[in-house]
Amino acid sequence: MAGIIESSPAHQNFSRYDIRVIIKFSVILGKDASCIHKDLVTVLRENALSIQTARKWVKAVSEGRDDMEDEPRPGRPVTACGDANISKVLVSLSDDRRKTCEEISTETSMSRTSLFRVLTNKLNKKKKFSKWIPHLLTDEQKESRVNFSRNFLRRFQTEQNDFLGRIITGDETWVYSWDPETKRQSAEWRDFDEPRPEKVRRKQGALKVMHMIFFNTNGVILRWPVPIGTTINAQYYKKVLQDKLRPAIRKKRPGLLESGILFHHDNAPVHTARAVTDVLAGYKWELLEHPRYSPDLAPCDFHLFPKMKEHLRGQRFETEEDIIQATKVAIKNLDKCSYVTAFKDWLQRIEKCANNGGCYVE
Numbered sequence: 001m002a003g004i005i006e007s008s009p010a011h012q013n014f015s016r017y018d019i020r021v022i023i024k025f026s027v028i029l030g031k032d033a034s035c036i037h038k039d040l041v042t043v044l045r046e047n048a049l050s051i052q053t054a055r056k057w058v059k060a061v062s063e064g065r066d067d068m069e070d071e072p073r074p075g076r077p078v079t080a081c082g083d084a085n086i087s088k089v090l091v092s093l094s095d096d097r098r099k100t101c102e103e104i105s106t107e108t109s110m111s112r113t114s115l116f117r118v119l120t121n122k123l124n125k126k127k128k129f130s131k132w133i134p135h136l137l138t139d140e141q142k143e144s145r146v147n148f149s150r151n152f153l154r155r156f157q158t159e160q161n162d163f164l165g166r167i168i169t170g171d172e173t174w175v176y177s178w179d180p181e182t183k184r185q186s187a188e189w190r191d192f193d194e195p196r197p198e199k200v201r202r203k204q205g206a207l208k209v210m211h212m213i214f215f216n217t218n219g220v221i222l223r224w225p226v227p228i229g230t231t232i233n234a235q236y237y238k239k240v241l242q243d244k245l246r247p248a249i250r251k252k253r254p255g256l257l258e259s260g261i262l263f264h265h266d267n268a269p270v271h272t273a274r275a276v277t278d279v280l281a282g283y284k285w286e287l288l289e290h291p292r293y294s295p296d297l298a299p300c301d302f303h304l305f306p307k308m309k310e311h312l313r314g315q316r317f318e319t320e321e322d323i324i325q326a327t328k329v330a331i332k333n334l335d336k337c338s339y340v341t342a343f344k345d346w347l348q349r350i351e352k353c354a355n356n357g358g359c360y361v362e
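Counted from 1, the sequence shown has number 298 at position 298 by the UniProt record's numbering; the numbering is strictly sequential.
Among the hints, erroneous ones may be present.
Derived pair list, reagent style EDC-like, types lysine to aspartate or glutamate, alpha-carbon separation capped at 16 Å [what the hints assert, rightly or not]:
no.: 1; residue 1: Lys-239; residue 2: Asp-296
no.: 2; residue 1: Lys-328; residue 2: Glu-172
no.: 3; residue 1: Lys-122; residue 2: Asp-83
no.: 4; residue 1: Lys-238; residue 2: Asp-296
no.: 5; residue 1: Lys-126; residue 2: Asp-96
no.: 6; residue 1: Lys-24; residue 2: Glu-69
no.: 7; residue 1: Lys-142; residue 2: Asp-296
no.: 8; residue 1: Lys-125; residue 2: Glu-172
no.: 9; residue 1: Lys-244; residue 2: Glu-172
no.: 10; residue 1: Lys-307; residue 2: Asp-296
no.: 11; residue 1: Lys-309; residue 2: Asp-335
no.: 12; residue 1: Lys-239; residue 2: Glu-172
no.: 13; residue 1: Lys-56; residue 2: Asp-66
no.: 14; residue 1: Lys-307; residue 2: Asp-345
no.: 15; residue 1: Lys-24; residue 2: Asp-67
no.: 16; residue 1: Lys-284; residue 2: Glu-258
No lab work stands behind these hints, which were simulated from the structure alone. Given the structure is predicted, the values throughout are model-derived calculations rather than measurements.
Let's have the full structure, built from the sequences with the hints guiding it.
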């Protein structure tokens, strides 16, 4: 056959039908399967069919087959994805939505392939992993979140950016001597055939410093590292508000004292103690409410602290002072626009919360 068709790139784009016709022609010439396969490999190289397939077609032609087209195939049964099987799958899922495909297949007597088609094409199902949430909210707590969100949005619609510009928000967070990088931070560009990078799972460092941070749309007003061994109770928090935060506002944001401060923090027991609320009332700082179990609606928790700690992860600090200085630098390196972004994100989250029935937002 090599004498019939020259081996060139132009002659290598043969369809399966073309190859079978050549096999038929070669059989008529008296060639056996091995010889025909050798000729096909010479011309088509890696595109040639296997010796087993060549023998099958040589045998078929020798037995009198004339049609070189594929025979029609029946395909999968129409009932494989019919209403009866769909009902079986729905009943199985109603018992336990965590069942594996293997378990459902055994229970419904369906093949894995048919089951997968029913789940994805007919029922539009997809197995999703659970996401971590801070708390399983009750209906009452969800309603509280919705009410907070609606009141906040109503206030913003009335006062616009003046409302956000008067807010000071704050909270506490631990900064560790060692905090491992996230999976995203440790990602590397590698060749497709290279293995994934490996890293040892490590715990956070034993040495840690509590930081109290307060900020508004213009940036951080106060970053106060709490001395190690100090208990943060209502009296200590009150003292920080009086001796640290108020002087810092007077120095860095004097206009806020005149326009009127809207103060926001979460409802931790230290924050809601009578001693603290009395101080805020004495300063005539309006206290914005915060729903329980709602870190997703606290700018420190969903924005500032994660951004700050991105700069600290993967670094090791030996002393308390090292942690304090590194935290100071991390805050200084934050983009100035990130504080405005934090409040815009807060507004968007509150709007989502108001529209989703009080469920957690991302």
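Could you work out which of the previously given hints the structure breaks and list their numbers from low to high? 1, 4, 8
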